Every structure is written in C-alpha cells, then in structure tokens.
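Chains V and X, in that order, give the protein sequences. Numbering follows the numbering used here, in which position 45 of the first sequence is assigned residue number 51; successive positions increment by one, without gaps. Numbering follows the numbering used here, in which position 2 of the second sequence is assigned residue number 902; successive positions increment by one, without gaps.
Since the hints were made in silico from the structure, they are not lab data. In this text, all values refer to a predicted model and were calculated from it rather than measured experimentally. Positions of the beta carbon are idealized from the N, C-alpha and C atoms, including for glycine. Take these hints with a grain of salt, some might be off.
Unchecked claim - To be clear about the criterion: a stretch of chain V counts as covered by chain X if any three or more of its residues have a C-beta under 8 angstroms from a C-beta of chain X, and this derived list gives those stretches:
1) 45-57
2) 67-73
3) 90-101
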Amino acid sequence: AQSVTQLGSHVSVSEGALVLLRCNYSSSVPPYLFWYVQYPNQGLQLLLKYTSAATLVKGINGFEAEFKKSETSFHLTKPSAHMSDAAEYFCAVSHRDSSYKLIFGSGTRLLVRP
Amino acid sequence: DVKVTQSSRYLVKRTGEKVFLECVQDMDHENMFWYRQDPGLGLRLIYFSYDVKMKEKGDIPEGYSVSREKKERFSLILESASTNQTSMYLCASSLGVGLGVLTFGAGSRLTVL
C-alpha cells in the first residue's frame, strides 16, 4: 500500500530564506511523486512531478524537489521565499498500476514573514 | 488551459437534505474525481470515473454516490446530508493515462447544519 507523510503541518520562514518542505513516501513499487500547491480560496495546481526520469525535478515558481530512493523522500525546496509563496503544499504518490489515483499527504501550510 | 468548473462555491444545507455537487471540465478528459479536503487529513478520494457511466469507489465512499452521464460532467450526490459531511469538496480531471497530473476545480465548501 502507498502512503505519504508530510512532516510539519505548518512551516514559517522569513522572506528571502530557504524553503524546505518535507515529504516521505512508502510504496511497494516504483512510485510517481508530485507536489501540488493550493493558494487561498483556490483548487490545487501542479508544482512538479517525478516519473522515473531525472531525480532532481524543477517545477514552477522556482521550486524543485529531489527524489531520494534510499531515504524514500521527495522534499520540496526553494532557495529564496517570496511572500507570494504563502500557501498550502501537498505531496502525493501514485504508481504505474493505478496511474489515475493519487494518494495525498496531509499538507503543509507555508507562512512567509516579511 | 483546462478548466474544471464547480458550479457552487458555497452551500449551506440541513441534515437529511439531498445535495448535488456539479463539476464540468472542458478538455475532453477521460478521468474525473471527487475528493474531500479536511484540515490535517489532506485530500481523500471519494469516487472516481474513468469513462462515461463508469465509476469506482475511492477511499471514503460511504454516504456518497456519483453520476457521470456525459464525459464532461461528474456529479457528487449526498443522498441524506449529515453534519459530518461538512467539508470542502474538490473535483478534478485528468487524461486517460495521466500519471497523476490532475486539474482541479476551485472547490465547493459545504456546510450541513
């Protein structure tokens, strides 16, 4: 069975500081991994995805994530936080046998202090 | 851009009422989904459909049903609403082998009194 754990329901950073949002997964088969972002009063939108190509994945708005099989992790980073990055971030996993079903983590709310 | 439109952003219903949540997508996607979003629980899959008139249960189908009579429309039905169904409901769609790339609607916030 697949699952996703996001460490920290809330993360607070100063504007310009490094953003690190943690995600660990469990999957019995090679996974596909995703980060989605939800801005206030909106639906979710895809930030980036890992589908077994390059382990370092670049997404929109300067975010990137690295797939580390040995650590079963897919942490999301951004070198310098902007106020506009304040949102809720969801990590999700699926796999080839159920490519249309996503399992989501519980979410991490990112707060950016001026 | 693909658009997924949820017709009702906010609804307030009474316990026992029948509730319809409508979702329409405009890019000919095969797959459509209904998720429920609750604080601290993330998104949980209620039902999904991979073709017209086809449906499959997700992780939390109890108390819900769905209808997909046309490819572009996927409805979530609460036959008899209860207070524990107060939540944000998100509809999404994807291409046939979408590898998890979903396009979401803005959500419908349902309050059951």
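Results for each hint:
1. Beta-carbon proximity to chain X at under 8 angstroms applies to 8 residues in the stretch 45-57 of chain V; the threshold of 3 is reached and the given coverage holds.
2. Under a criterion of three residues with beta carbons nearer than 8 angstroms to beta carbons of chain X, the stated coverage of the stretch 67-73 of chain V fails, only 0 such residues being counted.
3. Coverage of the stretch 90-101 of chain V by chain X holds. Counting CB-CB distances below 8 angstroms, 3 residues qualify, and the rule asks for three or more.
Of the hints listed earlier, the one the structure fails to meet is number 2.
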